[in-house]
Each structure stands twice: as structure tokens, then as C-alpha cells.
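Protein chains in written order, with this note's numbering: chain A, 875 to 1189; chain B, 261 to 683.
Please note that a few of the clues may not be correct.
[To be verified] Within a straight-line C-alpha distance of at most 27 angstroms, the following computed BS3-like cross-link-like pairs (lysine-lysine) qualify: (1) A/K1002 x B/K574; (2) A/K887 x B/K574; (3) A/K887 x A/K925; (4) A/K1032 x A/K925; (5) A/K883 x A/K925; (6) A/K1130 x A/K1032.
Please keep in mind that the hints were generated in silico from the structure rather than gathered at the bench.
Note that the structure is a prediction, hence the values are computed from the model and not measured.
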Amino acid sequence: MSIPGYSYKFDHKHLLSIEDLSRLDIEHILDLSEEFAEATRAGRRPEPHLKDMTVINLFFENSTRTMSSFEIAARRLGADVVAMPIAQSSVKKGETLIDTAMTLNAMSPDAIVIRHSASGGVKLLSRKVDCAVINAGDGTHQHPTQGLLDTLTIRRTKGRIEGLKVTICGDIMHSRVARSTTLALHLLGAEVTLCGPATLLPSGTEHWGAARTTHDFDDAIEGADVVMMLRLQMERMNGAYLPSQREYFRNFGLTKERLARAASDATVMHPGPMNRGIEIESAIADGERSVITQQVEMGVAVREAVLKLLAGRRV
Amino acid sequence: MSRTLITNARLLCPASGLDEMGGLLVEDGKISAIGDVSGAADTLIDASGLCLSPGLVDLRVKTGEPGGEQRETLETASRAAVSGGVTSMVVMPDTEPVIDDVALVQFITNRGRETSKTRIYPAGALTMGLQGKAMSEISLMQGSGAVFFTNGDWPVEDTSVLRRTMAYAASCDVMVSSRADTYALSAKGVMNSGARAARMGLSGLPREAEWIGLSRDLLLAEATGCRLLVDQVSTARSLDIIREARDRGVEVYVSVAAHHLFFNETDVGDYLTYCKVNPPFRNEDDRQALIDALAAGEIDAIVSAHDPQPPEEKRLPFGEAAFGAAGLETVLSALLVLVQDERLSLLDALRPVTSSPAKLIGVPQGRLAAGLPADLILFDPDKPWHCERENLLSRSLNSPFDGRRMVGRVMHTIIGGETVFQR
Chain A
875 MSIPGYSYKF DHKHLLSIED LSRLDIEHIL DLSEEFAEAT RAGRRPEPHL
925 KDMTVINLFF ENSTRTMSSF EIAARRLGAD VVAMPIAQSS VKKGETLIDT
975 AMTLNAMSPD AIVIRHSASG GVKLLSRKVD CAVINAGDGT HQHPTQGLLD
1025 TLTIRRTKGR IEGLKVTICG DIMHSRVARS TTLALHLLGA EVTLCGPATL
1075 LPSGTEHWGA ARTTHDFDDA IEGADVVMML RLQMERMNGA YLPSQREYFR
1125 NFGLTKERLA RAASDATVMH PGPMNRGIEI ESAIADGERS VITQQVEMGV
1175 AVREAVLKLL AGRRV
Chain B
261 MSRTLITNAR LLCPASGLDE MGGLLVEDGK ISAIGDVSGA ADTLIDASGL
311 CLSPGLVDLR VKTGEPGGEQ RETLETASRA AVSGGVTSMV VMPDTEPVID
361 DVALVQFITN RGRETSKTRI YPAGALTMGL QGKAMSEISL MQGSGAVFFT
411 NGDWPVEDTS VLRRTMAYAA SCDVMVSSRA DTYALSAKGV MNSGARAARM
461 GLSGLPREAE WIGLSRDLLL AEATGCRLLV DQVSTARSLD IIREARDRGV
511 EVYVSVAAHH LFFNETDVGD YLTYCKVNPP FRNEDDRQAL IDALAAGEID
561 AIVSAHDPQP PEEKRLPFGE AAFGAAGLET VLSALLVLVQ DERLSLLDAL
611 RPVTSSPAKL IGVPQGRLAA GLPADLILFD PDKPWHCERE NLLSRSLNSP
661 FDGRRMVGRV MHTIIGGETV FQR
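Based on the provided sequences and hints, a complete structural model is requested.
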């Protein structure tokens, strides 16, 4: 996209949060991602933009899909990938976190992809390294590549973002996906409704770009163009946020009947992994409205784009 | 007999309301004359352009002594203190071991006398080991010099234990200090609850935790007749709750940490762990309400809430970092900034750090009057300076004021007639 008289330059060293990006930045990443997605669909190998570069995957939290997605993206671009899954239990918290970053930095990688269980943890590490840092999820704060891949999936399936009604339902409070995707969609002009039980819906979501919040899913889904269900993160539930799974499914589960209230061409999304029968009916997850596997596909494309833009950068 | 003569000072004594140009004579560690003084002296200090006031009495200081000397000792804290104008410090009992018996109270007093430049007063643990289960030997510790009793950073959770302990404390005529909190609501919190915490993905410390804890403490103080010092109020509504209790005749005193007059939650910025304190920095409305209450004379003590933490406790993700801020060197400036902004008069700014806290713990200093200990500071109320961590004297440099422009600087600190600091 170009405007006469203006030149655009993607001018970031790291990707830590959607909050750091402008609308132009996001559109630039999406356009580039689109090219990668098309190349893959056409069976073409992309240019080896990351040839002779080293990408480190540093995951302090267990993750199969996101780590694989980053690894595949980096390899497609010709990078050497070193995976360092570090179970939270084996790393003694404390200075070790920063020590780890400084140790890896001394090995001169071209990019480090980090997931950490603490909000702000990736930012902290980014201050200690010279290379590009990509946030692959920090606590309950941000997961920017997820926000971008959700946005890309919607743009591809709907042809636009501007003016779309998007409903995101589930455990908003503990969701870094909700924080990232809501803001990315908002910046591109979508109208986002956040829905969840009162105990899982924090205040102040207008600051992340939500147009409205509600505890009534039937109301939230009315006329929606996109319905995104979030995983009910059982491992984060340390107490009585909810009375039972079945009561949750009754009020916040996505069923055929509920989906009928959405727009007739509404698509269904889920960042995965899904709890079938808890937040979403299997028939819907596997049905024709579902674009869940496309999200996974776009995930690789977005990560290729982000790596191409950032790896090897020293701003 | 040693004589020190200070001349040409702006004399400030919040207790008497004195605010005029003049001099002060110190003889043998005590103030002997105020006003128009002259004559021969061993030491002559020309205080032109400076204010002369009583040294600061700080009711809430943590050091690491005993048990955490890598953070701070009484000696290193006192070096920081005198450069900030603090001449008397009450040290908290949450150390290792906890200051919960007579020998430990004496240990602190003796160590203070031997190593500290400032006067040191121990606060005793309200319950054994600060466990909140069994009351400590309050009366005996009081006899050994504990100036009040507190459960420190971890207020007593069990209401029945607190009630009995307060009733007992009341019978000994000692003051109990309690930070208002409700763990069930705040245990996992790391910053002020609300939109900002939600957006940053951090768990909140809800204001209701302070209000419920405060209401409980006040009701028990009323029921038992215990003198209560509410430790570090942080919200506007807490002030309302306290006003209501005062109207009912409850004997309640209030402290506010100096950093709560200066910062609000937005200062946490990008997960700045030096701004992680408990109670947390709240909203701007709360900060303004605290300043208004201070100007209205409702705050009995401004404290530094000095809590030294080494880098390894702060260079962590926000959620995992320790609470606490170094504050001894910035407490006076935090107040003088408000004077500069014309929110407070100089005397109103000084009262809650001199005469008022001194009175609360029953010590004679904190005033300018003949016969009292000569604990004095000379400061320039308008001098601008830039707070930089590296220049602080505390052993731990975890100051949220790092990088801030400040106004007002201590130039000279005298304790018991002796110069202990000069800038």
C-alpha cells in the first residue's frame, strides 16, 4: 500500500505487542503474509530470506503448535533453528531468566522467539539482547502473532476487516489471544464484542479496542460476521470462577442453535487447542463454517512474514 | 561544653508554628536558644538561604538487619537516611529473626546505637514470628523500647487473634500499627486492580481489599479501645472510612508513604518493577485525595516505607519481582515538590515528618525548643536535583524516583548536636 508523497518503512526491532504497531504496520505484515500463504498454496518455496541466519526458539512454557509453527516458518526461509524448550520447573526463577537471555545473546542469534509464563517477561528479556525478539506469548498479556494470524484469516475469508462484527467469547481475563486479536481487529476497523462470564471478563476492555462487552452470548452473537471461541483454560482456573463445565457450556458454549443467530455467512474461529463439548460443539468445529485449520495455515505465513521483517535486524 | 551556632536561617517548627528568620544555638547536643542568638561558638554555621527544621522522624523503615544484610544494614540505611534528612527511624520487625522478644528489641536498639548515624527505634512484632497466631510479649518489649507494635507487611489475618491482641495492647497503652489488607482478595495481586492491570495481564490488588481490612481494623480498634496507626493508606475512599471512624471517636492515626504522593499506577509503565510496591500506586484521583488530606491535616505521618531490595529481587518479570521501594533519600523532596506546586505550606509539609510522628511514638525530638535534642536539618527548599539510582547511598538502589527531577535538598544534617551529613 502506498500513498503518494509518503514512504512507509517497517521500523521495529522486536515484535512484543500489538500495542506497538500502527494500522500501516499491521497491513504491511498481512500483505507480506498473504504472499507467503499464496506461495505455499502454489507449492512454491519462498526466497531464502533467512539463509545463514540462526533463530532460537526459547519456550519457557509448553507449546507444541506455536513452537512448530515458528520452526516451520523459519526453516522455510532457510534459517537454522535451535529449539530450546525449557520446562518452567527446570529453570529456577530469578536472575536465571536474564542470565539465559544474556547467554543466548552471546551466541549471536539473528532472532529469538520467546514464550514465557509471566506478563512482561518477554519484554524484560528483549532489553538484554541485541537481536530481534518475537513474543510468542507472555503470561496473560500478549501473543501478537496470534492476533495477526486471526486478522489475516478474517481478511482472507471475508475480504475485509473494516466494519465487520466480530464476537470473541470465553475466558477473556486470562487470554493473551483476546488482548492481541481484539486490538489488531480494532485498529483495522472491526467492531469487536467481548463476551464471557462476569468472573472472566475484566474491566477496561475498551482500552484494548473492544466496542462492547456482555455476559449474554445470545446477544453478543446476534448478527456477528465472525465468532471466535476461546479455550476455557482449565489449568489457569485456580478456584471458583465457574460453577461447572456444563453450566458454562449451557451459557457460553457455541451450539448450532446459537450460531444460527449470527450472520448467515458467519465464520467460526478458535485459537486452539479446543475443548470440544465445553466451549464448542464438535459438529461446528469440524463444520463448513469453521476456519480453524486456516488459522493454523495462516499462522505459518504470518510468522514467515514477521521473521523476514525482523530477523537479522539491528535497529 | 561544645557550642554550635547556626545563623541566618529560616526557622521552621511545625509544632509551634514558628516560621521566621533567625538563629539557633546548640549546646552539648541540645537546643539551648532559638531566635536572636549570638556569641562565641566552637562551630559557626551560616545558613543563609536555607531552612532550619527538626530532623525527620520516619515511622516505617525496613533494613535487612538482622538476616538480610545484603539488602541493607542499620548502618547503610542510616547513611541514606541522613542524606535525606531523616534523623530518627522506626525499624520494622519483619527481619530474620523476627523482632518478637525482648532480647531482639534490645539487639536492635544496641546495634542502632553502635552502628547507626540516626536514632533507631524498634517496632515490635505484634504476633510471634509474625505468624498471626500467638501474641508476642507486648508489655515486656514495650519496656525495652519498642515504640509500637505491628505485623509489618503481613497484617494479622485471623480476626479473633487481632481482636484479642488489640484488647491486650490497649491494656498496655501501646499503639498498634496495621496495614489495611484482605489476603483473600489480594494474595495474588501485583499492581493496582483495574483496567491497566487487566490490559497488562497482571493480577490486581483490589481497593476493596484495603477498605475491608481497614474497616475491620477500625471496628476492632473501636471495640477494644486500642490506639491504631493505619499503615500506608493508598485510596481516597480509605480516607472517608477513617473520617467516619474519627467522627465516632475512634483513636486512629494515619500514615501515607511519600511515594504515594508522587506516583500513580501509570508510572508502572512498561512493567517497571521499581514501581512495584504494596499497597500499590493507585489512580490519580487517589493520589490527589491523599494530597488534599495531607493539606487538611488529616495525615499524621508521612513515611518513607523504605524497603531495600537488591537487583536480583527486582530484575524479574513484574509478577515475580519483590514488592518494595527504597525511600529514605526522597521522602523530604517528595513533600517539597508539593510545596513548590503550592499544594502545601512548608510547615504543613514538615509536620507529618517531624513533630506529629515524634509525638505518636513519644519521643522529645521533632520540635525546635530549648532543652530538646538538637536533631536538625538545613535544607534548600527550592534546589532542583535529578534523582539517579547510582548516586543513592542506600545499599539497595530500588528507587522509583530514579530519573525523576526533584525539588528541595538537604544540605546539612545534625543529630544530637553532631554534624552527621553535609552536602
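Consistency of the hints with the structure:
1. A/K1002 x B/K574: Distance ~15 angstroms between A/K1002 and B/K574 Cα, so the pair holds.
2. A/K887 x B/K574: holds, 25 angstroms
3. A/K887 x A/K925: holds, 19 angstroms
4. A/K1032 x A/K925: Distance of about 35 angstroms is beyond 27 angstroms: violated.
5. A/K883 x A/K925: holds, 22 angstroms
6. A/K1130 x A/K1032: Satisfied, since the Cα-Cα distance of roughly 21 angstroms is no more than 27 angstroms.
Of the numbered hints given earlier, the model fails hint 4 alone.
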